[in-house]
Amino acid sequence: MDEARMLGKELVSRNLAACANFHRIDSVYRWGGKVVEDQEVAVVLKTISERFDELKETVRSLHSYELPCVVCWDISGYEEYLQWVSDETGKL
Amino acid sequence: MDEARMLGKELVSRNLAACANFHRIDSVYRWGGKVVEDQEVAVVLKTISERFDELKETVRSLHSYELPCVVCWDISGYEEYLQWVSDETGKL
Amino acid sequence: MDEARMLGKELVSRNLAACANFHRIDSVYRWGGKVVEDQEVAVVLKTISERFDELKETVRSLHSYELPCVVCWDISGYEEYLQWVSDETGKL
Numbered sequence: 000m001d002e003a004r005m006l007g008k009e010l011v012s013r014n015l016a017a018c019a020n021f022h023r024i025d026s027v028y029r030w031g032g033k034v035v036e037d038q039e040v041a042v043v044l045k046t047i048s049e050r051f052d053e054l055k056e057t058v059r060s061l062h063s064y065e066l067p068c069v070v071c072w073d074i075s076g077y078e079e080y081l082q083w084v085s086d087e088t089g090k091l
Numbered sequence: 000m001d002e003a004r005m006l007g008k009e010l011v012s013r014n015l016a017a018c019a020n021f022h023r024i025d026s027v028y029r030w031g032g033k034v035v036e037d038q039e040v041a042v043v044l045k046t047i048s049e050r051f052d053e054l055k056e057t058v059r060s061l062h063s064y065e066l067p068c069v070v071c072w073d074i075s076g077y078e079e080y081l082q083w084v085s086d087e088t089g090k091l
Numbered sequence: 000m001d002e003a004r005m006l007g008k009e010l011v012s013r014n015l016a017a018c019a020n021f022h023r024i025d026s027v028y029r030w031g032g033k034v035v036e037d038q039e040v041a042v043v044l045k046t047i048s049e050r051f052d053e054l055k056e057t058v059r060s061l062h063s064y065e066l067p068c069v070v071c072w073d074i075s076g077y078e079e080y081l082q083w084v085s086d087e088t089g090k091l
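One line per chain: the protein sequences are A, L and V, in this order. The first sequence begins at 0 in numbering that gives the first Met the number 0 and counts up one residue at a time. The second sequence begins at 0 in numbering that gives the first Met the number 0 and counts up one residue at a time. The third sequence begins at 0 in numbering that gives the first Met the number 0 and counts up one residue at a time.
Rather than coming from a laboratory, the hints here were simulated on the basis of the structure. There's no promise every hint is true.
Interface residues of chain V toward chain A, partial, derived using beta-carbon atoms under 10 Å [to be verified]:
(1) 4
(2) 10
(3) 17
(4) 21
(5) 23
(6) 26
(7) 34
(8) 66
(9) 70
(10) 76
(11) 79
(12) 83
(13) 85
(14) 87
These numbers were taken from a predicted model, which means no experiment stands behind them. Glycine residues also receive a C-beta, built at the ideal position from the N, C-alpha and C atoms.
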């Protein structure tokens, strides 16, 4: 959890995300030809499209994983909330 | 958890969502100019597009937050499951 | 958790998903006309679009639920990670 929390705080501190949500998960994946079980933390971040590439590069540079999962999808919804995300991440 | 659970039950009871899933999370966000840490509950709801605005307004009116995160994205998949979501939320 | 974990491992073992993340959740839904509360496991899987139908049918055949939630949405992001998902699930 410590690495995930530090990473999330760093991204929010750098205005690359408006917020970070940490989910404790168990996981299963194939690595090096074997199916392995692990305990991980999934971090859900809210940001604007324009900041995703910089967020992705920052996660890559700070993350201990060789191949961290950094994926995104579009959301819509409550306009004032989306405006807050935009305000928090549009700062340079 | 109590507020999230009450909110989720209310939304399902009013046919604004077919189901509610509650995830306990830790979170980090900037509020009032400071980066704060919190413990929250992320609620994942399944509904139809036509009901989202009413769901959003209901969350806003019931939620204790000044600016609750109410966002959505489209899903596809198992047709019978999606039909069940539609059946449960299409009731008036 | 046991059923979810077995299902996730089976899907990864069959190359229907590159990885499975298990989230312990509480849930509320209407079933048989009543609003019921439950404890469940939400499984988040990464796969390619071309494998979703087979993944869905496999979940349906292995899952104990009459109507399991098997839904999907598109993601984009870190290219090397997406390539890994494609490599792991493109194997026959």
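Hint numbers not upheld by this structure, sorted from lowest to highest: Hints 6, 7, 8, 9 and 13 are the ones this structure does not satisfy, whereas the remaining hints hold.
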